[in-house]
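Asks: Listed below are the residues making up each chain.
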Amino acid sequence: MSDFLVLKVMAKILIPFILLFGFYVQMHGDYGPGGGFQAGVIVAAAFILYAIVFEIGTARRVAPMAVLVSIACLGVLLYAGVGVANLIYGGRFLEYGVLAHEAAHGNHIGILIVEIGVGMTVAAVMMIIFFSFARRR
Amino acid sequence: MWLRNLLASAMVLGIYSLLMAALWVVLDAVDVAFTEAAVGAGVTTVLMLLAIALTGREEKRTRTKPWVPLAVSLTTAGLLVYATLGMPAFGIADAPAQLHVAPYYLQHGQAETGVPNVVTAVLASYRGFDTLGEVTVIFTAGMGVLVLLGSATRRRRRVPASAEKDSA
Chain Z
1 MSDFLVLKVM
11 AKILIPFILL
21 FGFYVQMHGD
31 YGPGGGFQAG
41 VIVAAAFILY
51 AIVFEIGTAR
61 RVAPMAVLVS
71 IACLGVLLYA
81 GVGVANLIYG
91 GRFLEYGVLA
101 HEAAHGNHIG
111 ILIVEIGVGM
121 TVAAVMMIIF
131 FSFARRR
Chain R
1 MWLRNLLASA
11 MVLGIYSLLM
21 AALWVVLDAV
31 DVAFTEAAVG
41 AGVTTVLMLL
51 AIALTGREEK
61 RTRTKPWVPL
71 AVSLTTAGLL
81 VYATLGMPAF
91 GIADAPAQLH
101 VAPYYLQHGQ
111 AETGVPNVVT
121 AVLASYRGFD
131 TLGEVTVIFT
141 AGMGVLVLLG
151 SATRRRRRVP
161 ASAEKDSA
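If you read the protein sequences in the order shown, they are chains Z and R. According to our numbering, the stretch in the first sequence is residues 1 to 137, in order. According to our numbering, the stretch in the second sequence is residues 1 to 168, in order.
Check each hint, because a few of them may be wrong.
[What the hints assert, rightly or not] Here are some chain Z residues pointing at chain R (derived, C-beta under 7 Å):
(1) Asp-30
(2) Ala-72
(3) Leu-94
(4) Thr-121
(5) Ile-129
(6) Ser-132
Bear in mind the hints are in silico, worked out from the structure with no lab data behind them. Built from N, CA and C at the ideal position, the CB exists for glycine as well.
From just these sequences and the hints, can you work out the full model?
Replies: As structure tokens, then:
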């Protein structure tokens, strides 16, 4: 794989921007197109690009399977946890309005947290699937 | 398009996905286009390529002609095309989809959720329970792949040979 100089240089330039774009899509999903699903896939794509162009061993050391599994679990728990938090605050399950004094503000906070949970799970699961497939070779 | 080379088929599928994403943009559904481009054209193609790398590049030649699957596909396609004849005209204002809850979301969405992007508001707030289900589905898919293709702690090495044969 050491021959593809153009690919390697381009990937090295692109990967930071792909990650940055992923986080932008994550945090800006409530104002523009995007959200947790898209951001998760984009962040995973940066890792997958690195693993394909460079070597998969380094990518796997940066994102070990145990960490990915924990992140995937944490994402779902974060989402469901917001719902449970709403129950504790006296609302219904996933009724974010009770998170702040104003219902609209609480909704906004709830949506942000929930989207982060979605992004974590999607990114981790995409990488889990990729690494599991690539390991079989 | 008739292709036996699976690598080329995967590429064609990716290009098709990207064209669909362009179509969504034309139809003003940017969020869907975004997802289609990232998931459909991006990650799915990579996973297809990985699967091809594991199995083989060429489709196996079969002696039996696939008449029954072909007939089933064509019948289903025909029924679906027939069903589109009963749909309301494209973009018409009094279609059921425009009259049910969509006007409420468009008029009250930003005031109630503080989120200008209505798609995000519907996805994460009004239909939050559905999205929780979707995330659970994705999580389950990841865990399923992990269980089938290898464990988190590399315990596969110690599995006896007979079990290996069964899983392969």
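Asks: Next, verify each hint and record whether it holds.
Replies: Against the structure, the hints:
{"no.": "1", "hint": "Asp-30", "verdict": "4 Å, holds"}
{"no.": "2", "hint": "Ala-72", "verdict": "6 Å, holds"}
{"no.": "3", "hint": "Leu-94", "verdict": "4 Å, holds"}
{"no.": "4", "hint": "Thr-121", "verdict": "5 Å, holds"}
{"no.": "5", "hint": "Ile-129", "verdict": "5 Å, holds"}
{"no.": "6", "hint": "Ser-132", "verdict": "4 Å, holds"}
Of the numbered hints stated above, none is contradicted by the structure.
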